[in-house]
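S.K.: Chain by chain, the residues run as shown.
Number of protein chains: 2
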Amino acid sequence: MTPVLYDYWRSSASYRVRIALNLAEIEYDTTSVDLLKGEHLENAHLSRNPQGFVPALDIDGQTLTQSLAIIEYLNETRPVTFLPDAALERSRVRTLSYIIAMEIHPICNSSVAADIMARTGGDEAVRVDWMKTYIRKGLAAFEKRLGDGQGGTFCHGDAPTMADICLVPQLYNAERWGADIADLSRIKEIAENCARLEAFAAAHPDRVNAAG
Amino acid sequence: MTPVLYDYWRSSASYRVRIALNLAEIEYDTTSVDLLKGEHLENAHLSRNPQGFVPALDIDGQTLTQSLAIIEYLNETRPVTFLPDAALERSRVRTLSYIIAMEIHPICNSSVAADIMARTGGDEAVRVDWMKTYIRKGLAAFEKRLGDGQGGTFCHGDAPTMADICLVPQLYNAERWGADIADLSRIKEIAENCARLEAFAAAHPDRVNAAG
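Each protein sequence line maps, in turn, to chains A and B.
Sequential numbering of the first sequence, starting at 1, is according to UniProt numbering.
Sequential numbering of the second sequence, starting at 1, is according to UniProt numbering.
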């Protein structure tokens with residue numbers, strides 16, 4: 001059975017899984033779950049993920065959810081190295097990944113941002129400031145962490161890992177919301193190296209949206 | 001060298017790591033980083049974790065940060081089973097863990113809650129409502145996920161895993177903020193089973209604070 005990814009072009013958790021599937025060279029079909037139309041809250045999708053989040057991935061006879069759990073699963077079952085072999089190095093890659101996946105992404109979830117607007121009675125400017133604030137804060141922390149002496153083409157060494165898979169979609173969001181990250185030079189360099197890889201380029205929201 | 005945990009009694013990420021160290025039967029020393037006194041933003045702590053978060057753990061000649069990265073590291077280097085062996089089961093445990101660690105905890109971080117108060121111009125009631133809303137929402141999702149046919153004494157089978165290590169500190173927070181979770185019967189049952197284990201009981205904030 002060909003794996004099926006239930007995703008939304010602009011969702012950064014979906015974007016992560018698209019990159020991972022591409023890096024793993026796994027052929028997959030895509031079913032779009034349109035968040036703007038509320039399709040994620042319809043029964044068809046809730047049966048895949050009771051939380052209503054995208055992505056969900058049908059693979060190996062199961063439906064998996066949570067992008068990082070999917071990436072760890074692929075790392076354990078496919079010939080990829082989304083995490084290095086040594087435990088201390090794996091810890092470094094997970095720490096970098098979590099700075100984005102735990103400390104930026106959930107706070108900037110669209111439903112949380114909408115809640116901020118509702119609670120403040122504010123308009124779009126409130127949302128934009130919220131996004132810019134937390135994206136900037138988190139990516140600055142990420143850059144600091146990168147700077148702990150382990151150089152390389154990517155976040156950890158010379159091959160992409162889970163950290164790069166988390167970073168690139170977050171940078172798409174940074175650009176979308178206009179977060180000020182021009183000074184984060186190491187991140188910028190890594191992003192350029194990722195963009196040169198077809199696995200990353202093919203997963204880009206604009207490519208997916210144009211193809212959709 | 002005896003490992004050193006830099007923690008704060010009420011921090012739920014610290015609480016997670018205390019449980020994990022206890023379950024792994026690792027002897028460790030504790031240095032308190034008092035968040036109320038701002039000690040996490042002093043150079044001594046920033047040198048351990050540039051993000052200023054607790055916990056940090058000195059172990060095996062390195063300083064590790066991010067509670068879930070620490071738990072995965074212990075699972076990889078010590079004779080514990082914070083994750084089951086089979087990849088699909090590991091994915092289930094990670095998914096449950098992330099529902100708490102990614103979708104409740106960061107949104108209810110004290111600095112985010114303080115920001116909500118500042119942006120709304122609201123008082124303590126605003127903070128309490130924020131906490132109750134997101135804790136309830138996340139734990140209800142967790143309960144739904146638990147209900148997918150895999151019973152047992154704990155979240156996954158009859159031994160505690162990373163999911164239980166994430167759940168128990170979140171329940172402490174649920175009680176602290178008065179979140180309405182009385183109907184989540186499976187969670188309640190698991191929490192009672194965890195509380196009977198000394199590894200969980202000894203990590204409880206009240207025990208740590210009293211000993212401190």
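Note that these hints are calculated values from the structure, not bench results.
Be careful, since some hints might not be right.
Dumping the calculated DSS-like pairs for lysine-lysine here, alpha-carbon to alpha-carbon at most 27 Å [unchecked claim]:
1) A:Lys137 with B:Lys188
2) B:Lys144 with A:Lys37
3) B:Lys137 with A:Lys37
4) A:Lys37 with A:Lys132
5) B:Lys188 with A:Lys144
6) B:Lys132 with B:Lys188
7) A:Lys132 with B:Lys132
8) A:Lys144 with A:Lys188
9) B:Lys144 with A:Lys137
10) A:Lys188 with A:Lys137
11) B:Lys188 with B:Lys137
12) B:Lys144 with A:Lys132
13) B:Lys144 with B:Lys132
14) B:Lys144 with B:Lys37
15) A:Lys188 with A:Lys132
16) A:Lys137 with B:Lys37
17) A:Lys132 with A:Lys144
18) B:Lys188 with B:Lys144
Which chain B residues stay away from chain A? Per the calculated CB distances, all over 10 Å, these [said to hold, decoys possible]:
19) Met1
20) Leu35
21) Lys37
22) Gln62
23) Asp158
24) Tyr172
25) Ala201
26) His204
27) Ala211
To spell it out: a stretch of chain A is covered by chain B in this simulated footprint if at least three of its residues, at any positions, have a beta carbon under 8 Å from a beta carbon of chain B; those stretches are [what the hints assert, rightly or not]:
28) 55 to 66
29) 89 to 103
30) 116 to 123
Fair warning: this is a prediction, and the values are worked out from it, not measured in the lab.
Glycine included, each C-beta is placed from N, C-alpha and C at the ideal position.
S.K.: Quickly compare the C-alpha distance for Lys137 (chain B) and Lys37 (chain A) to 27 Å and report which way the hint goes.
M.R.: Within the cut-off at roughly 22 Å; holds.
S.K.: Looking at Leu35 (chain B) again, its CB stays over 10 Å from all of chain A?
M.R.: holds (16 Å)
S.K.: Is the Cβ of Ala201 (chain B) farther than 10 Å from every Cβ of chain A?
M.R.: At roughly 27 Å from the nearest Cβ of chain A, Ala201 (chain B) sits farther out than 10 Å, so the non-interface label holds.
S.K.: Has the stretch 116 to 123 of chain A got at least three residues whose CB is nearer than 8 Å to a CB belonging to chain B?
M.R.: holds (count 4)
S.K.: Please verify whether Lys144 (chain A) and Lys188 (chain A) have alpha carbons no more than 27 Å apart.
M.R.: holds (13 Å)
S.K.: Is the hinted pair Lys144 (chain B) and Lys37 (chain B) satisfied, with a Cα-Cα distance of at most 27 Å?
M.R.: violated (39 Å)
S.K.: Is the Cα-Cα distance between Lys144 (chain B) and Lys137 (chain A) 27 Å or less?
M.R.: violated (33 Å)
S.K.: Are Lys144 (chain B) and Lys132 (chain A) close enough, with their CA atoms no more than 27 Å apart?
M.R.: violated (33 Å)
S.K.: Check whether the Cα positions of Lys188 (chain A) and Lys132 (chain A) lie no farther apart than 27 Å.
M.R.: The given pair, whose Cα atoms are some 17 Å apart, holds under the 27 Å limit.
S.K.: Just to be careful, I want the Cα atoms of Lys132 (chain B) and Lys188 (chain B) compared with a cutoff of 27 Å; is the pair within it?
M.R.: The given pair, whose Cα atoms are some 17 Å apart, holds under the 27 Å limit.
S.K.: Check the hint pairing Lys137 (chain A) with Lys188 (chain B) against an upper bound of 27 Å on the C-alpha distance.
M.R.: Not satisfied, since the Cα-Cα distance of roughly 36 Å exceeds 27 Å.
S.K.: Hinted pair, alpha-carbon criterion (27 Å max): Lys144 (chain B), Lys37 (chain A). Please report holds or violated.
M.R.: holds (24 Å)
Checked against the numbered hints given earlier, this structure breaks hints 1, 5, 9, 12, 14 and 22; the rest are met.
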